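Number of protein chains: 2
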Amino acid sequence: MQVINTIAALQTALQSAKPAVVGLVPTMGALHEGHLSLIKKCTSMCDICVASVFVNPTQFNDKGDLERYPRTPEADCKLLEEAGCNIVFMPSVEEMYPEPDTRTFELGPVSEVMEGKYRPGHFNGVAQIVSKLFYAVQPDKAFFGEKDFQQIAVIRSMVKLLNINVEIIACPIIREKSGLAKSSRNTLLTDEQRKKAAKISKVLSKSCTFAKSHSVKRTIDWVAAQLDEEPFKLDYYEIVDGITLQPVSKWSQSDSIVGCIAIYCGQIRLIDNIRYK
Amino acid sequence: MQVINTIAALQTALQSAKPAVVGLVPTMGALHEGHLSLIKKCTSMCDICVASVFVNPTQFNDKGDLERYPRTPEADCKLLEEAGCNIVFMPSVEEMYPEPDTRTFELGPVSEVMEGKYRPGHFNGVAQIVSKLFYAVQPDKAFFGEKDFQQIAVIRSMVKLLNINVEIIACPIIREKSGLAKSSRNTLLTDEQRKKAAKISKVLSKSCTFAKSHSVKRTIDWVAAQLDEEPFKLDYYEIVDGITLQPVSKWSQSDSIVGCIAIYCGQIRLIDNIRYK
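Those protein sequence lines, which keep their order, are chains Y and F. Going from the first sequence to the numbering used here is simple: count from 1 and add 5. Going from the second sequence to the numbering used here is simple: count from 1 and add 5.
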């Protein structure tokens, strides 16, 4: 029992009884500094930081990609502990999917372009697992990295659709020294590929200068041409409205314009994006 | 950091982040089993039990009564600790009244009868200190004993007046073996007076039988006559509506009828009450 004599000390003691703000950082493990920046943002904004580590099978449209996906649970726990995470949630597939999840989400136009076109079913799987995590954790805030730029728009759409009361916090891309956007899949690249993969972000970055004196169409073609060489194979490069994710044809068309790329480097599919304005 | 694998265990861990229910038991110390029953009720209904121990000068209309009022802070802390209280708030007079409290509360008809008439200014002082405690603690629930039957009605009136969001919980009178209502002032009685004081509750209790075949007026007169002897000196015995606290003239007048007594036993003023229906 605490014996307290002043109102100020009393209110400090009672502060701990106030509702705690719960933050969630959903991850698929194989954690890198990008994830850890989300954990740090979460611990700075929330009283309780929950990280989930779960390789969600329903969002993989490519079975080989699922099998190859790196899994490092012990290293993940260590990194999360060091970053100040309070609870790590590491469920089994059976725990998250005791029954097959047959839900199909109407996620609107943001889900139909780019990744929606190239990875059919991917965003529906993302919506399945993220909605399950939101229902399980009931977080006040949830943190996502902007490398998966379209994913954030899709999750915002899902949250609206399901009336889930959670604030979605978008956090900036963390890059390797070379400029390559941090990704769990980077570990699957050979050393040679990893060096070459740095070209992706360099081209995106240079395209901002190119864009100043060229049309949207010319800029798209220029980026594609720069990356039209081994070991790259472009899925798409699109320049879109930052909110609606729909392609723009003129730079004046929106106040928020983002270029999104998906590109194979050997067998490994990488994504990245750049803000034009 | 906790590593959790099931949704059930996750939700149990997150439960602790839920808003805690804060309960307040305002006391003037010199604690007895009546107070401890409030603490127990509070700990059973709330996550955090705060007891305040403060002899509030502004509610004493009789300076001698204030000076005589028993003070046992160390014993109080021990009893509170044993009863499961989490925080005891023991402020100085300067802490609660850094400036003189000039507030006058319009507490309505419930405050004007009985104690309101016999102890002018008393309920205004009660409203001053209880409102300050409510503002300091911001409790979800506050616990008061029904020995101070009118005080509860006055506090409910104050809470309504000030729009304070707190639930007032009334708890039954705790009595000594003799039937005497537990009161801090009982310790000020001589052994002889304390024995005789037991007659108060006995008369009230018997008056319930008397009331079955007599009018309200006759019942009041009967109670007064029973206690018209040394060392007693009656302030008032009133039979009132349990909600409005206004005197009733017929038993059929209300569904809730309570008899309230204030009586001197030697120099010590005691109060008690009995429910007729």
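Everything labelled a hint here was simulated from the structure, so no lab data went into it. In this text the structure is predicted, and so the values were computed from the model without any measurement. Backbone N, C-alpha and C fix where the C-beta goes; we use that ideal spot for every residue, glycine too. Among the hints, erroneous ones may be present.
[Claimed, not checked] Pulled from the structure, derived: some chain Y residues nowhere near chain F, Cβ distances all over 12 Å:
1. LYS137
2. TYR140
3. PHE237
4. ASP246
[Stated by the list, open to error] Covered by chain F, per the in silico footprint, the following chain Y stretches (three or more residues, Cβ under 8 Å):
5. 9–18
6. 82–92
Results for each hint:
{"no.": "1", "hint": "LYS137", "result": "violated, 9 Å"}
{"no.": "2", "hint": "TYR140", "result": "violated, 9 Å"}
{"no.": "3", "hint": "PHE237", "result": "holds, 39 Å"}
{"no.": "4", "hint": "ASP246", "result": "holds, 37 Å"}
{"no.": "5", "hint": "9–18", "result": "holds (count 7)"}
{"no.": "6", "hint": "82–92", "result": "holds (count 6)"}
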